[in-house]
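Participant: Working from the sequences, and respecting the hints, build out all of it.
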Amino acid sequence: PPQSNDHLTPTPVSYTAGFYRIPVVGLTTRMSIYSDKSIHLSFLRTVPPYSHQAQVWFDLMREFRWNHIILIVSDDHEGRAAQKKLETLLEERETKTKNRNYENLDQQNFDFRRTPKAEKVLLFSQDTNLTALLLEAKDLEARVIILSASEDEAMAVYKAARQLNMTGSGYVWLVGEREMSGKALSEAPDGNAFLVFLLFISLSVVSSASIQQGEHHGAAAGLRGEHQHLADRAALQTVGTAHLLHV
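Numbering (full-length UniProt numbering), first residue to last: 1 to 247.
Honestly, the hints are just simulated from the structure, not real lab data. Any given hint might turn out to be false.
[What the hints assert, rightly or not] Derived DSSO-like pairs (lysine-lysine); straight-line CA-CA distance at most 30 Å:
1. 84 <-> 159
2. 96 <-> 84
3. 159 <-> 120
4. 120 <-> 84
5. 98 <-> 117
6. 120 <-> 96
7. 138 <-> 183
8. 117 <-> 138
Facilitator: If you want it as structure tokens, here you go:
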């Protein structure tokens, strides 16, 4: 898909068509900015924005009961959109859990499990010292890291993380499609089957299930439906590893 600074960006067409209330259908555009109806009035899309991958991350957190994660996002519209989406899901989950426990009079039915949350949100830009940023993450208790960044940014983060020994055993990285594309894929962490499995799930669920449903036809619901595929952890780990080895 065209990047935001690409000459093929649909932004000019969307602005002009929006002024005249002419619908524009984006077939491959994944940038979240085009879902902002205050800017792109008549832009429709057949695939969901990258930020919807946060639903997959949220489902994985629930499935494996990761109550604390570190969210590393680029300080741009795409990164903030992913951050907002995930934080909204976490807040809704926490509210539902509190309400359910409050309404339960039977102590045995109380849900005492902590709800998942982001222990720390780290924003970075092109001028950010990634080593210092990752050292801050390393000092935290959480060892599950969610990364939302462009291809080039992800590549730089992976390199810095490898130098700090943050890509091996004991760490889990959850990423999306952009962070596993092109040059970023060549620098992505490897050597850990469980890590590979999670990268495969995050990538394949969004790439296959979401594309089959337009954003306005329940793409987010489609991602939630993929949660059932996480029931058998061992089987998914094997399938995910085998898939990436043959890519």
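Participant: It remains to establish, for every hint, whether it holds in the given structure.
Facilitator: Consistency of the hints with the structure:
Distance restraint check for residue 84 and residue 159: the Cα-Cα separation of roughly 26 Å lies within the 30 Å cut-off, and the hinted pair is therefore satisfied. Note on residue 96 and residue 84: the hinted pairing holds, with a Cα-Cα distance of about 18 Å set against a maximum of 30 Å. For the hint linking residue 159 to residue 120, the alpha-carbon distance of about 21 Å falls within 30 Å, and the restraint holds. Simply put, residue 120 and residue 84 have alpha-carbon atoms about 14 Å apart, close enough for the 30 Å limit, and the pair holds.
Restraint check for residue 98 and residue 117: satisfied, since their Cα atoms lie roughly 14 Å apart, inside the 30 Å limit. Between residue 120 and residue 96 the alpha-carbon distance is near 22 Å, which keeps this suggested pair within the 30 Å criterion. Of the pairs offered as hints, the one joining residue 138 and residue 183 holds, with about 25 Å between alpha carbons and a cut-off of 30 Å not exceeded. At roughly 17 Å between alpha-carbon atoms, residue 117 and residue 138 fall within 30 Å of each other, so this suggested pair holds.
Of the numbered hints listed earlier, not one is contradicted by the structure.
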